[in-house]
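Peer 1: Each chain is listed here by its residues.
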Amino acid sequence: MHLPRKTFVLAMSVIALLGALAFPAFAQEPTPSDDEVNAIAKQLYCPVCENIPLDVCPTQACEQWRGTIREKLALGWSEDQIKDYFVAQYGDRVLATPPARGLNWLVYVLPPLVILASAVLLGMTLRRWERPVEATPKPHASETDADPYAQRLEEELRRRS
Amino acid sequence: MAIVGHFALILTFLAALFGAGAAAYGALRHRPAFVESGRRAMLLTWPLLTVAALAIILLLIGDHYQVEYVASVTSRAMPTYLKVTALWGGQAGSLVFWSWLMAAFATAASLRRWDRDRELLPWVIVVTMVTLAFFVGLILVPFPSLSGPEGGLTFSSENPFLRLWQTPQGAQLTAVFQPAGTLPLVPADGRGLNPLLRHPGMVIHPPMLYLGFVAFVIPYAFAIAALVTRRSDDRWIRVTRRWTLVAWLFLSLGLILGGRWAYDVLGWGGYWGWDPVEIAAFMPWLTGTAFLHSVMIQEKRGMLKRWNMVLIILTYALVIFGTFLTRSGVLSSVHAFAQSAIGPLFFTFIGVTTVASLSLLMSRWGDLHSENQVQSRLSREALFLVNNLLFMGILIVCFWGVLFPLISELFTGQKVTVGPPFYERATAPLWASLLLLMGIAPLSAYGRSSVRLLGKALWKPFALSLAVPVVLAATGMRSVSAIVGYWLAALTGLVTLHEFWRGAWARHRTHGENLLVALGRMVTRYRRRYGGYVIHLGVVLMAFGIIGIELFQTETQGTLSQGEQLTLGRYVMVYDAVAQWDTNDGRNVTRAVVSVYRDGRPVGELYPRRDFYYESQQPMTIPGVRSTLEDDFYVLLVSWEPIGNQAATFKVYHNPLVNFVWLGGLVFILGTLVAAWPEPEPEIVSRTVRTGAAAAV
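Chains A and B, in that order, give the protein sequences.
By numbering that gives the first Met the number 0, the letter at position 20 of the first sequence is numbered 19, and the numbering carries on one by one without gaps.
By numbering that gives the first Met the number 0, the letter at position 157 of the second sequence is numbered 156, and the numbering carries on one by one without gaps.
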């Protein structure tokens with residue numbers, strides 16, 4: 000089996016980081032491979048081509064950005080350093096997801112909260128609906144059970160399924 | 000020609016307004032003559048819009064570049080079929096096309112037999128005609144906008160019949176009629192259609208989405224009509240059931256075709272990028288899917304009446320919102336929103352219709368009480384509610400992801416990107432739960448259901464499905480998400496197949512039919528149920544493919560000299576040759592020839608290319624793909640240096656199982672067709688059940 004992409008990216012960043020730690024003095028390492036460049040470019044977005052990750056964007060501007068990543072990698076920069084560099088230059092929008100600070104927290108917090116709240120609401124509603132039947136078991140339940148016609152139909156439907 | 004089209008649009012606008020007004024007046028004052036008059040006005044809109052659309056098409060084919068729209072979307076070099084389809088290649092034309100479809104659907108809906116629900120008719124007319132009038136109004140009404148660097152106030156509109164004029168001072172104007180003292184300005188050639196859109200997939204993809212969008216207006220119109228006339232039964236759902244399915248079919252088809260187009264043309268090795276434009280079309284699909292499921296509960300059990308109203312109102316709002324997102328330019332910047340009045344107009348329209356629909360619903364809240372109650376947390380009703388919750392959850396993630404960059408820009412001035420990782424992480428657990436639910440819910444019974452009953456129906460496929468994670472783990476798969484995903488897909492697939500088997504076997508035993516005949520008869524007889532199951536099987540196949548490509552896609556890139564090779568997994572690619580030439584339709588084509596080997600054996604040549612469009616200065620990367628059911632080997636020509644050793648850079652993707660996405664898509668569409676096919680009998684069966692249940696309460 001092939002390596003999953005995330006593991007690959009992670010491995011790449013570890014390699015890049017180790018490289019940065021191990022050889023801070025040797026700036027002129029061999030040219031980084033395209034794959035190393037793309038592993039970082041994949042996580043960045045240029046401000047011009049909206050919603051196209053940098054690693055696949057065909058424009059000249061993005062070509063130059065990839066060149067910049069290559070230069071920085073050759074200088075021994077780590078993945079995070081390079082990303083920080085682009086953020087400092089062009090703002091948070093170059094990142095695939097907003098950094099979790101300030102107003103941006105809302106991106107990550109709101110959907111789970113709303114979904115959770117709806118789930119709780121649904122659970123409570125279901126319980127409320129169930130309870131009257133349990134509390135007064137006779138009227139609804141027994142009638143349905145007792146009505147042979149409805150029962151037969153239900154049964155028939157179930158059998159057909 | 001432009002003037003004819005322009006007048007047709009004006010007449011449509013008036014007819015739509017009159018139709019809505021007359022129908023509403025007639026209904027409120029019990030004047031059938033007014034309703035009839037409104038209906039006739041409505042019947043006029045479609046022929047009128049046909050004239051307008053034909054006028055645009057004739058202008059496009061005839062290279063009338065004085066018409067601004069024609070100049071902006073076509074050029075002389077384009078083939079005729081592309082010129083025709085340029086009708087929806089730009090903003091103004093696509094609005095006309097949208098309106099044309101809307102009028103066609105409204106007309107078709109009004110031609111049905113109305114004997115049983117006469118009182119709904121005027122309100123259906125009102126809703127469809129108000130919507131139509133809004134869209135035609137957008138096209139016609141010139142609105143003030145701040146444009147140009149000096150920020151001067153100018154009037155512009157989305158009218159496709161605007162023509163170019165030149166004043167004696169040399170300034171350029173656009174107007175439908177010749178302004179005094181100007182001369183016609185006829186450009187020698189047009190600017191041409193965006194090259195990305197010149198693809199067969201792109202030619203049919205927008206009409207499919209529009210059809211889906213527009214068709215959803217019909218169930219919404221009936222829902223509103225039911226609310227206004229205080230009908231609390233499920234008549235509106237029954238009447239519009241097929242409309243909803245058709246809308247859903249086209250929306251699904253549009254989404255799948257869009258994915259295919261992205262895979263073939265955009266050159267990033269994927270089919271879905273969580274782009275806001277994609278999500279705009281996806282959101283009504285989500286609410287529509289939830290709606291399709293939950294209406295069954297109302298039909299069978301007389302429950303969830305209010306919720307279904309909420310869902311269809313939401314779907315309508317999202318249809319308009321989707322059109323707004325893609326048409327107002329708000330996505331590139333909130334400031335584009337303020338520059339043209341089309342944004343605020345849309346916004347107001349969405350706000351007004353949503354608030355009006357919801358307050359109408361509130362005022363009828365008491366009428367729409369449930370005829371039944373959920374009796375068990377494992378009953379079909381309860382599980383369908385969970386299904387709805389999950390779809391709504393995905394909707395919330397999508398909605399918030401699209402909206403947040405706008406909010407951030409508005410409040411902090413800081414633009415942010417909410418990209419695929421956000422959506423993938425947030426929706427993956429929801430999709431997985433949906434997959435699981437898809438396996439369990441069809442087995443649970445309406446009304447009372449228990450763990451024992453469910454377990455009895457579930458245990459065989461469940462036990463069988465456990466083999467999948469065991470085998471996967473044994474063969475060395477280490478990704479937990481993939482193993483869980485494949486297990487869920489296997490479970491749902493097996494449950495669904497088991498349902499087919501059980502049904503056919505029962506028929507075989509009771510009717511003595513042979514198994515295949517039994518299967519065929521069963522499916523034709525209960526199209527809705529088994530169509531639904533076929534759709535589920537399609538989803539399982541798609542899930543199989545999606546997990547494959549999302550979790551196991553690999554890629555590599557390298558710059559090669561001729562004769563050199565690039566290796567990716569079991570594949571080796573050798574760069575043989577490259578050629579570059581100009582075409583007569585304004586492109587410069589660079590095409591490479593590469594040979595592909597798999598496990599050392601040659602499997603064919605691929606021709607990745609790069610087209611550069613001179614007129615729009617846009618490059619386009621077209622992959623060379625070797626496609627099998629097992630995987631795709633996808634080669635992109637990233638760049639080429641025509642000097643020296645002719646080195647070229649290639650990017651190569653290995654996309655395992657991606658073809659299951661398309662295969663699943665086909666099965667999915669097939670299932671929808673089965674479910675939407677006319678079927679008189681089960682209607683009667685389910686109605687008897689409902690009456691039986693109602694009588695019991």
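Derived by calculation from the structure, the hints in this document are not laboratory data.
Treat each hint with caution, since some may be false.
Computed from the model, here is a short list of chain A residues facing chain B with C-beta under 8 Å [stated by the list, open to error]:
id: 1; residue: Leu-74
id: 2; residue: Asp-83
id: 3; residue: Tyr-84
id: 4; residue: Val-86
id: 5; residue: Asp-91
id: 6; residue: Leu-94
Straight-line distance between alpha carbons at most 30 Å, and here's what the computed DSBU-like set of lysine-lysine pairs gives [to be verified]:
id: 7; chain 1: A; residue 1: Lys-71; chain 2: A; residue 2: Lys-82
id: 8; chain 1: B; residue 1: Lys-414; chain 2: A; residue 2: Lys-41
id: 9; chain 1: B; residue 1: Lys-299; chain 2: B; residue 2: Lys-414
id: 10; chain 1: A; residue 1: Lys-82; chain 2: A; residue 2: Lys-41
id: 11; chain 1: B; residue 1: Lys-459; chain 2: A; residue 2: Lys-71
id: 12; chain 1: A; residue 1: Lys-41; chain 2: A; residue 2: Lys-71
id: 13; chain 1: B; residue 1: Lys-459; chain 2: A; residue 2: Lys-82
id: 14; chain 1: B; residue 1: Lys-455; chain 2: B; residue 2: Lys-299
Label-pair distances were calculated between CB atoms; the ranges are [what the hints assert, rightly or not]:
id: 15; chain 1: B; residue 1: Val-483; chain 2: A; residue 2: Gly-66; range: 34 to 42 Å
id: 16; chain 1: A; residue 1: Pro-111; chain 2: B; residue 2: Ala-32; range: 54 to 62 Å
id: 17; chain 1: A; residue 1: Trp-104; chain 2: B; residue 2: Val-483; range: 42 to 50 Å
id: 18; chain 1: A; residue 1: Gly-101; chain 2: B; residue 2: Gln-645; range: 44 to 52 Å
id: 19; chain 1: A; residue 1: Gln-59; chain 2: B; residue 2: Ser-594; range: 25 to 33 Å
id: 20; chain 1: A; residue 1: Pro-111; chain 2: B; residue 2: Ala-107; range: 20 to 28 Å
id: 21; chain 1: A; residue 1: Gln-88; chain 2: B; residue 2: Leu-13; range: 48 to 56 Å
id: 22; chain 1: A; residue 1: Val-47; chain 2: B; residue 2: Glu-370; range: 16 to 24 Å
id: 23; chain 1: B; residue 1: Leu-496; chain 2: A; residue 2: Gly-90; range: 50 to 58 Å
id: 24; chain 1: A; residue 1: Gly-66; chain 2: B; residue 2: Leu-13; range: 53 to 61 Å
The C-beta atom is built at its ideal place from N, Cα and C for all residues, glycine as well.
Peer 1: Broken hints, numbered, in rising order?
Peer 2: 1, 2, 3, 4, 9, 11, 13, 17, 20, 22
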